[in-house]
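The task is simple: from the sequences and hints, build the whole structure.
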Amino acid sequence: MTDTLLINVRQEAAPNALDPQAASWHLQMPAGDGSPELHLGLQGGTGLDRPRHWIHLGTRAHAAPELGLHHRQTMLMLGSNLTGAIELTGLAAPALLAAEAERQQALLDAAVLLLGWMAHQQPANLGLTVFGALPGLRDERGQSPFWAALGQHFAGMTPAQAAQRLGAHWADDLAPLLPRHPVMLSLLPAGAQAVVSQVAPAASRLAQQLVMQGLASGRHVDLVDAGPVHEAPLASLLARRGAAQRHLQALPAEAAEPLSRWWCWAPARGVLLRAEGRLADDGRLQLPSGALATLGAQLDEAFWSAPG
Amino acid sequence: MTDTLLINVRQEAAPNALDPQAASWHLQMPAGDGSPELHLGLQGGTGLDRPRHWIHLGTRAHAAPELGLHHRQTMLMLGSNLTGAIELTGLAAPALLAAEAERQQALLDAAVLLLGWMAHQQPANLGLTVFGALPGLRDERGQSPFWAALGQHFAGMTPAQAAQRLGAHWADDLAPLLPRHPVMLSLLPAGAQAVVSQVAPAASRLAQQLVMQGLASGRHVDLVDAGPVHEAPLASLLARRGAAQRHLQALPAEAAEPLSRWWCWAPARGVLLRAEGRLADDGRLQLPSGALATLGAQLDEAFWSAPG
Amino acid sequence: MTLPALDDPARYLMRPARSDDLDALERFAVASAHGITTLPADRAALADRLARSQHAFASADDASGEEIYLFVLEDLALGRVVGTSGITASAGFGGQFYAFRNEVIVHGNAALGLSNRMHTLHLCHDLTGVTLLTSFYIEPAYEHTLAPQLLSRGRLLFIAEFVERFSERVAAESPGLADDTGHCPFWNAVGRQFFDMDYPVAEKLAGGRSKSFIAALMPPAPIYVAVLPKAAQWAIGQLHPVAELPFSILQDEGFDADTWVDVFDAGPIVEARLATLHSVARARHLSSAEGRHAGQEGEAADGRPRLCLISSPHRDRFRAMLGRVGETAAHLPTALARQIDLGPGALARVAPMSLNALTRGGRHD
Amino acid sequence: MTLPALDDPARYLMRPARSDDLDALERFAVASAHGITTLPADRAALADRLARSQHAFASADDASGEEIYLFVLEDLALGRVVGTSGITASAGFGGQFYAFRNEVIVHGNAALGLSNRMHTLHLCHDLTGVTLLTSFYIEPAYEHTLAPQLLSRGRLLFIAEFVERFSERVAAESPGLADDTGHCPFWNAVGRQFFDMDYPVAEKLAGGRSKSFIAALMPPAPIYVAVLPKAAQWAIGQLHPVAELPFSILQDEGFDADTWVDVFDAGPIVEARLATLHSVARARHLSSAEGRHAGQEGEAADGRPRLCLISSPHRDRFRAMLGRVGETAAHLPTALARQIDLGPGALARVAPMSLNALTRGGRHD
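Chains as they are written, first to last, in my numbering: chain F, 13 to 320; chain C, 13 to 320; chain P, 32 to 396; chain A, 32 to 396.
Please note that the accuracy of each hint is not assured.
To be verified - Distance ranges between label pairs, derived from CB positions: (1) Q220/C x L271/F: 54 to 60 Å; (2) A94/P x D287/A: 24 to 30 Å; (3) A36/P x A312/A: 52 to 58 Å; (4) A202/C x P35/P: 34 to 40 Å; (5) A180/F x H214/P: 43 to 49 Å; (6) S47/F x D227/A: 49 to 55 Å; (7) R348/A x P201/F: 55 to 61 Å; (8) A314/F x H214/P: 54 to 60 Å; (9) R281/F x R296/C: 50 to 56 Å; (10) D227/A x D92/P: 55 to 61 Å; (11) A202/C x A312/A: 21 to 27 Å; (12) D287/A x P135/C: 56 to 62 Å.
Hints in this document: simulated from the structure, not taken from any laboratory.
Every residue gets a Cβ at the ideal spot worked out from N, C-alpha and C, and that includes glycine.
Dropping the structure here:
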């Protein structure tokens, strides 16, 4: 079981009384091989308790054929489009940003498997969006050219001043002061335009991992630093992998290669496990007996599993 | 080769001089077993030649905690957000809507495989959106309650009158007359609200197939009948399937079961083929020799392939 | 004793409300569910408002804009108070005063020669800071006399006298269409989307909060009138029947009613520049004739006598009455000067009543 | 022969432009790259415009709103045309007239007690259909005389005389900040985002198209001024130096410059109700004194002589001049009546010039 990976999953009390369906999960990948512990959260019911705000990037296209003019304008629209969505939280944690690509990928992979299971359990959730926000591009002093060009004019405070005055939720508290009408991106200074949807260098590898998981950016950005929001319909994540409920059995000791990696999720134990196994001809998933013990697998019990 | 399926693919001249990269492909599934021929198009560079318009469904969330009020409003915003995207065309064709689920699924599956290949060829395209619009819900006389509640007030014409007067592109021609400011959905009559993002009964099965392929609805609707636009980031479609360039070899005559379905794409021949085969331990894809002949497979040539 | 007729102009006196007017004000507030949108039907709140008004009239401090002024109308023949009216110095003081502005948006496709003109309502605070005429109520028996003319227009002379305390723009809200149960077609179509409550509840909330909390809940985009239910469309700019009399007086004065409507019930909001209003524009300054030779008061020298609105220049002792003054008179007749308590050397403001006002005031008597 | 001084009011005559004024108009159009935004520097286009103007002056048809009127100013002493001005009956005729309206939007979070006031520009067509004063140009030598006063204000008397052909609202555009090469800070920040061309090119396109094609390219959302580059912010409502003289004349008349600016260069657009403009509000009607007894023209009976703007009531033979008329004169002096070709029984419009106008007109002479 050298290649076995274990992720501890804890469901937390739904903090949002408005939507008891709102799932809240915490994934913990233990430290190992000199790598620190990594965390990731899945938080449903975004913004249902207190409004959250993002900037939507819309396109307006106009043509005046008689003048030979064709124009596309990107419009920045402050709104709450991701309200009710499931957020991947903790993406900006330094440990996660600094982690090896393999560990980043495994943790995201596990989160997506879990999301697929949630969708499978509650097909009504298939319409939900899953998103995660990454830190945006700032200048060498850590200041956001985007905020300086937009939010600062309206809020009259720097992010530091606002955080001191209003606390952690300062950006959403200040949102009512920000433009209520769409703003043309092309009116902003070039330096602000250039950072829209750009990710901080430290997060660029994680951004690639999110794209590989099917969470694309480009529709919404953060209202402070215009960092990208990576998002996908939950339906597309469910469709993404060969995930299914499968019965398990022990991998025969004499099993021939090749083995491949499989994720398996044991809700009762709060364990997400990745191990080398194979799909038997009868559709059962064969895993090492140690893995079965970790999962607490019972005879004829089906587990949510997918190629890893 | 009883289970072999052949789809003819034709690349058409890019009609859009503004973006020579804009792909235009035509997929044709031949008639068979009493089922008619089916068609599907992939059209890149949407709206780059003449503006196209859709209604974006945005959310505005506001809270007035001191009054105990929390509100979410859906805002209808006319815009051109899907400009530059790749459109699945032909979704409203009666033959496709009426086709057996298996044939619908196969054709969509083939289209998604092709999109994945295009993304693989041109990674710069990964940021593109893929979308397809389905007919919306109308009343028993074929009239759209949505148009009657919104467009009609602004354009002063029924769709029939507009089509007669302005031709096929009437909806986009009339778009400049439609609301330029966001409209609150809740202000429209209940009958119009009820059809937003609802699909015509004849298209509901195809809508499910699109969702299963990862193309979710809910962000944009048609400006005439508010029918749903199904969409996905191309990146999520690429990530979706175990697609890769693989070398082919003939399936040994004595090959043991189980076999599984594989798609394979031969750009030189314009053929997308699905056949029963298996992945050999060395990573080569083993297909029946008849299939290899159809694909025109050469020794050591890699083909874009994926589980079907 | 025979009382003078109700349409005897000398019978009425307008003056600042005093503490002992509280009973009368409460009576008016209760009697006028729709007519007075700004007088609370709650004795404690009324007493508070009265105290604020008395402070505003009496204080020599520089005006901050927070002031409200409440007037009452006395029937001198009966010695009782029969109506009230008020002024809010600065609409939306300390916040914003919200209104919908009627605006036409033109959409078009020039290449196809197609265009349309769409009526829209824009949430705005154009009227923030203007001076508001408020709280108008007259007992029904006096509706068709000259009393309401004095009670409404007298405010304009007060504002003109103390311009430094007011805006150069004056506005007034009028209640919009609603039935006795509070059912309001415009509210049901628009406001209810933001406030899950009946109109009277929201109206009460707003009354205490200067409507500025609305900003957080209403969307910034204009509302296209065409998409609203017909009943809501028709209600835009329509007057509640109870407000016809005070509204018509303001129209006669030259107020314009086309631009703004109320955010809740879409009732019309009239607005004008103070200087353009008839009673203000036509007013002359006259000192008392007291101590002059009798001949100088003679009718021949003073021209044809006309019914005029007459006000004193004293803030806390403000008085306004109706009376006849010669068209070219150089001085105010002594009797009138005494009635408004005009001191020596002080100048009264004298504005001829318009023909409309006279017709309206007397049409049923 | 000694010519009268340039500031002799009797030296100037304003009248409709005629075919033989084409050379002069072309000279003015070429000489004024910035001063005249509505006169094309193209002889054929000028001739066409002149023909349209002549038709408008002459036609007895009901006005459609499409009319333009071109006037010229003659220096009678030299017998030459030294300036021009025009009127467009209805701005944006057949389409819309676009402008940015200055508006303040208040955003706030009431719960936190935070709010701000943001200056925004709203694309609007509030001014569609108003009457536009256009095409003003005066030769530099005459700038500091009374000539420009006559040339600009005379239009107001013409409009007042033929109100049925015009709107009750009058507006005028003034060029905004731009340098000699057409570099315009507001255009560079805003307009260029929609039109990939230099300002002069877009301006020329717009001139021929009444700006209505802009609707298809500009977004409907207001522009928040604070996000624009500082140079563009400063340019909003700023006047190009060449337009100071005609702008100041309109300000003296009572035009308001705070509400609208040009969509291209953000130059101020002034607007007013016709009836409130000084030359219109103060004008009297006088018939010719011809045929009266000499005594009736006497200075004593006519009061103090004041410099006045005098215009005739004839449309196609319209004349406006400056001259001295007694403050209480019942008739127009015969000499002036003859100069404006006032027929028997016809009434001239006579408006006293404001002190500002006189000061301004004579300040350098």
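Now for the hints, and whether the structure bears them out:
1. At about 35 Å, the CB distance of Q220/C to L271/F disagrees with the hint of 54 to 60 Å.
2. A94/P and D287/A have their C-beta atoms about 26 Å apart, which keeps the hinted 24 to 30 Å range intact.
3. For A36/P and A312/A, the Cβ-Cβ distance of about 41 Å falls outside the hinted range of 52 to 58 Å, so the restraint is violated.
4. Judged by the Cβ atoms, the range 34 to 40 Å given for A202/C and P35/P is violated: they are separated by roughly 60 Å.
5. A hinted range of 43 to 49 Å for the beta carbons of A180/F and H214/P is consistent with their spacing of about 44 Å.
6. Separated by about 52 Å at the C-beta atoms, S47/F and D227/A satisfy the suggested range of 49 to 55 Å.
7. In this structure the supplied range 55 to 61 Å holds for R348/A paired with P201/F, their Cβ-Cβ distance being about 58 Å.
8. Restraint check, A314/F to H214/P: a C-beta distance of roughly 57 Å satisfies the suggested window 54 to 60 Å.
9. At roughly 39 Å, the beta-carbon separation of R281/F and R296/C lies outside the given 50 to 56 Å, and the hint is violated.
10. Roughly 59 Å separates the CB atoms of D227/A and D92/P, a value that falls within the hinted 55 to 61 Å.
11. In this structure, A202/C and A312/A break the distance hint of 21 to 27 Å, their C-beta atoms being roughly 55 Å apart.
12. Hint check: D287/A to P135/C, Cβ distance near 59 Å, so the stated range 56 to 62 Å holds.
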